[in-house]
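A.B. asks: As they're listed, the protein sequences go chains A and B. Note that our numbering has the first sequence beginning at 31, numbered continuously upward. Note that our numbering has the second sequence beginning at 133, numbered continuously upward.
The set of hints was computed from the structure by calculation and includes no laboratory data. Among the clues, some could well be false.
To be verified - Capping the alpha-carbon separation at 25 Å, the derived lysine to any residue pairs in SDA-like fashion look like this:
id	chain 1	residue 1	chain 2	residue 2
1	A	Lys33	B	Lys317
2	B	Lys139	A	Phe153
3	A	Lys33	B	Lys139
4	B	Lys260	A	Phe122
5	B	Lys260	A	Glu37
6	A	Lys245	A	Ser260
7	B	Lys279	A	Leu281
8	B	Lys139	B	Gly221
9	B	Lys279	A	Gln112
10	B	Lys279	A	Pro78
11	B	Lys345	B	Ile183
12	B	Lys260	B	Gly328
13	B	Lys317	B	Leu240
14	B	Lys279	A	His113
15	A	Lys33	A	Ala268
16	B	Lys345	B	Gly328
17	B	Lys317	B	Asp300
18	B	Lys317	B	Phe365
19	B	Lys279	A	Glu278
20	A	Lys245	A	Met216
21	A	Lys245	A	Glu37
22	A	Lys245	A	Asn111
23	B	Lys260	A	Leu32
24	B	Lys279	A	Gly108
25	B	Lys279	A	Val77
26	A	Lys33	B	Ile183
27	A	Lys245	A	His113
Unchecked claim - Between beta-carbon pairs, the in silico distance windows are:
id	chain 1	residue 1	chain 2	residue 2	range
28	A	Glu194	B	Asp366	38 to 44 Å
29	A	Arg246	B	Glu258	40 to 46 Å
30	B	Glu258	A	Glu79	55 to 61 Å
31	B	Arg142	A	Ser260	51 to 57 Å
32	A	Leu225	B	Arg162	34 to 40 Å
33	A	Glu194	B	Glu376	48 to 54 Å
34	A	Glu194	B	Ser282	31 to 37 Å
35	B	Thr253	A	Leu250	39 to 45 Å
36	B	Pro277	A	Arg246	58 to 64 Å
Predicted model, so just to flag it, every value in this text is computed and none were measured. Using N, Cα and C, we set each Cβ at its ideal position, and we do this for glycine too.
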Amino acid sequence: MLKILIEREIRSRFIGSVSGWIWLVVTPLLFLAIYAFVFGVIFRARVPEGFAVPFWSWLAVALWPWLAFSEGLQRAAGSINQHAALISKVAFPRHLLVHSNLASVFLLHSIGYLVVLLCVEWFATDIDWLSLPYTFAVIAALYLLALGLGFMLASTQVFLRDVEQLLPTVLLFWFFLTPIIYAPEMMPELLQGLLIYNPMTWWVEEIREALFIGKRAPDLILLSMVIGASVVYAAGRAMFNHLSPHFEDFL
Amino acid sequence: MNQTLLKLERVGKTYPPTVNAGERVRAFWRLLLSRSGQGGSEVLRDISFEIQAGQSMAVVGGNGAGKSTLLKVITGVLAPTRGTISQSGSTAALLELGAGFDPEYTGLDNLKLNAAFLGLTPADVEAKLDDILAFADIGESIHEPVKHYSSGMVVRLGFAVVASVRPDLLITDEVLAVGDESFQKKCIRWIEDYLGAGGTLLMVSHNMYQVQKLCRHALWLQDGTAYAQGDVFDVTQRYLAWHERRDAEDAQRARNTASQSLYGLSELLLRGAVDGQIDFEMGEVLEVVLRLYSPDGRAPVALVGIVRADGTPVYGVASEHEGVEITIADSGHYIARLRFPNLALLPGGYAVRGHALDPEGLRVHDTMEVEFTVTGRSRELGMVRLEHEWLS
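Could you build all of it, start to finish, from the sequences and the hints given here?
C.D. replies: Printed below as a string of structure tokens:
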């Protein structure tokens, strides 16, 4: 059932567009090119100490997980409202809608991510492919975090439509407050200390360390990320289950 | 085999107020903190019933009585505000037209998704696909997007999927009414077959004939409460009687408001009758006199008809048909005279009916009838002598 919903979700994004699958890869690459140009060439952003890689590849490996995360959150938040017609007529577990929305986004971005990693390998620097399992674990934790937040946002948006308006702005702030397009060292001292309170900082740093430096073994950081994400997931799921019987009254 | 498939205990449903944003925010916090709310519109109150396996029940009631809400609560689309619902066995519901269909997708895609909602695995669907398509019988349209479907086709597809599942409990809202005659028959046949094989049905319908045919029990909802429940014939007959009474009351009310403005007949006379004996010989002159009254100074339309004693109409004509103005007698009263020279009616019992219509000639307001007999010696057949001649 989840599989069918995911399939449907993915197909609905390409229905009616001739070259849907190409856009899947081209759009993120163009996006990457713009960021690399603006921040790498115009602002002359530099990679932090310890990374001997070109700026654009340093940016790319962190940008993709973020894109998946932020797009996933936005789609998950709207998943209940988007399927209002279905919910008001068919009884089925509503959490599947959030799951399918998020899973489809992560799946599509994983394909893009693989393309990007190959580009990095060919044009920039050697990637430590053996650290891929570790990277995967980090991304899985990110997925769990996104699910938890997605459940919270989806159930909130049923009641408060403002979420839809507010979320893109919040995500934009979050993006710029995370060291994705800049190195943490470029921040003023005062703010640098605060960066560790942004969970996304942990994720992007772990991914970079894994792919470029070769961190392969799970450690306490990964464990704490998984635990944190699990807590958020449990909370989001509990909130969703608590509110979902009343969705139809408010749609 | 006396298993309870569905049991409702004092189920109630109140839709919360959701019109303005403040109410929504309050409702959000209230639900999050599990506090009970107040306000809103109550649509169901204290509904309790049980359905045993193999017993079928119909829900009847006027529009807005809460029938669809009840089904939604039972199927779990809506959460009941009060009371408990317990269920066992598999359930499939056909709630609304195009329920769960995405208009952008083809019929086949929607079919698969719907089947998944009903608990079929893709392998099951593959195995049953031919049956489903044969039942739906919509041909090549299955590969078209559902947005191009007619409402009948949507129901066909929806019902075909449900039929393939054969649930323990089948719940249908008033959707079958959309299908055409042959498809409705097919569905009824399928349901009868399904019931015969031990299936259980909970249906909403306005078709009492269908209800009586398919269900043994009925629940009559009225303004969200169970007005009556029990044997299907008792309930449906009371329900229909209630509707008739209400229609009669409506008519009565309409008559009361219009009583001061009624057109009527005060007298119907047949001239030519001798000594009150209303016999005519064939070929005599029949003269009909109507005395009518009008409350508003406008002349009513007079209609005169002749019928056989058994009620078969022979002839009828209205003053309006022939552009005749009825003459005024005194204030509010009018006289219409109609003469049939050379009465062509064959011997037998007849009646003259006089009607008073409003000046527009649209509604009959009053009717009077006088019987008469035509005598004579004739062995001709029929009711009227038509002018004729034999040619040699």
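A.B. asks: Determine for every hint whether it applies to the structure shown.
C.D. replies: For each hint, the structure was consulted:
1. In summary, the hint linking Lys33 of chain A to Lys317 of chain B is not supported, as the alpha carbons are separated by about 36 Å, beyond the 25 Å threshold.
2. Restraint check for Lys139 of chain B and Phe153 of chain A: not satisfied, since their Cα atoms lie roughly 67 Å apart, outside the 25 Å limit.
3. Straight-line distance between C-alpha atoms of Lys33 of chain A and Lys139 of chain B comes to about 33 Å, which puts the hinted pair past the 25 Å bound.
4. Restraint check for Lys260 of chain B and Phe122 of chain A: satisfied, since their Cα atoms lie roughly 22 Å apart, inside the 25 Å limit.
5. Taking the CA atoms of Lys260 of chain B and Glu37 of chain A, the gap is near 21 Å; set against the 25 Å cutoff, the hint holds.
6. Using a Cα cut-off of 25 Å, the hinted pair Lys245 of chain A and Ser260 of chain A holds, with the two alpha carbons roughly 23 Å apart.
7. Taking the CA atoms of Lys279 of chain B and Leu281 of chain A, the gap is about 22 Å. The hint holds against a cut of 25 Å.
8. About 12 Å separates the Cα atoms of Lys139 of chain B and Gly221 of chain B, which keeps this hinted pair within 25 Å; it holds.
9. The straight-line distance between the Cα atoms of Lys279 of chain B and Gln112 of chain A is roughly 18 Å, inside the 25 Å bound, and the hint therefore holds.
10. Distance hint between Lys279 of chain B and Pro78 of chain A is unfulfilled; the C-alpha atoms sit about 55 Å from each other, more than 25 Å.
11. Our distance criterion of 25 Å between C-alpha atoms is met by Lys345 of chain B and Ile183 of chain B, whose separation comes to about 18 Å.
12. A threshold of 25 Å between alpha carbons decides the hint, and for Lys260 of chain B with Gly328 of chain B the separation of about 21 Å falls inside it, so the pair holds.
13. Taking the CA atoms of Lys317 of chain B and Leu240 of chain B, the gap is near 24 Å; set against the 25 Å cutoff, the hint holds.
14. Of the supplied pair hints, the one linking Lys279 of chain B and His113 of chain A holds, its CA atoms being roughly 16 Å apart against a limit of 25 Å.
15. Distance check on the hinted pair: Lys33 of chain A and Ala268 of chain A sit about 23 Å apart at the alpha-carbon level, within 25 Å; holds.
16. Restraint check for Lys345 of chain B and Gly328 of chain B: satisfied, since their Cα atoms lie roughly 13 Å apart, inside the 25 Å limit.
17. For the given pair, Lys317 of chain B sits about 22 Å from Asp300 of chain B by alpha-carbon distance, which is consistent with the 25 Å threshold.
18. As the CA atoms of Lys317 of chain B and Phe365 of chain B are separated by approximately 22 Å, the hinted pair is consistent with the 25 Å bound.
19. With a C-alpha separation of about 24 Å, the suggested pairing of Lys279 of chain B with Glu278 of chain A holds against the 25 Å cut-off.
20. About 24 Å separates the Cα atoms of Lys245 of chain A and Met216 of chain A, which keeps this hinted pair within 25 Å; it holds.
21. Of the supplied pair hints, the one linking Lys245 of chain A and Glu37 of chain A is violated, its CA atoms being roughly 34 Å apart against a limit of 25 Å.
22. Restraint check for Lys245 of chain A and Asn111 of chain A: the C-alpha separation of about 41 Å exceeds 25 Å, so the hint is violated.
23. Taking the CA atoms of Lys260 of chain B and Leu32 of chain A, the gap is about 21 Å. The hint holds against a cut of 25 Å.
24. With a C-alpha separation of about 23 Å, the suggested pairing of Lys279 of chain B with Gly108 of chain A holds against the 25 Å cut-off.
25. At roughly 53 Å between alpha-carbon atoms, Lys279 of chain B and Val77 of chain A are farther apart than 25 Å, so this suggested pair is violated.
26. Restraint check: the Cα-Cα separation between Lys33 of chain A and Ile183 of chain B comes to about 34 Å, which exceeds 25 Å; the hinted pair is violated.
27. For the hint pairing Lys245 of chain A with His113 of chain A, the CA-to-CA distance comes to about 42 Å; that exceeds 25 Å, so the pair is violated.
28. Against the hinted window of 38 to 44 Å, the Cβ-Cβ separation of Glu194 of chain A and Asp366 of chain B comes to about 52 Å, which falls outside the hint.
29. In this structure the hint that Arg246 of chain A and Glu258 of chain B lie 40 to 46 Å apart at CB holds, the actual value being about 43 Å.
30. Checked against the hint of 55 to 61 Å, the pair Glu258 of chain B and Glu79 of chain A passes, with Cβ atoms roughly 58 Å apart.
31. Take Arg142 of chain B and Ser260 of chain A: their Cβ atoms lie about 40 Å apart, and the range 51 to 57 Å is violated.
32. Roughly 38 Å separates the CB atoms of Leu225 of chain A and Arg162 of chain B, a value that falls within the hinted 34 to 40 Å.
33. Between Glu194 of chain A and Glu376 of chain B the CB atoms are about 52 Å apart, so this pair conforms to the stated range of 48 to 54 Å.
34. Checked against the hint of 31 to 37 Å, the C-beta distance between Glu194 of chain A and Ser282 of chain B comes to roughly 34 Å, which is consistent with it.
35. The hint said 39 to 45 Å for the Cβ distance between Thr253 of chain B and Leu250 of chain A, and at roughly 42 Å that hint holds.
36. The hinted window of 58 to 64 Å between Pro277 of chain B and Arg246 of chain A is violated, with their beta carbons roughly 49 Å apart.
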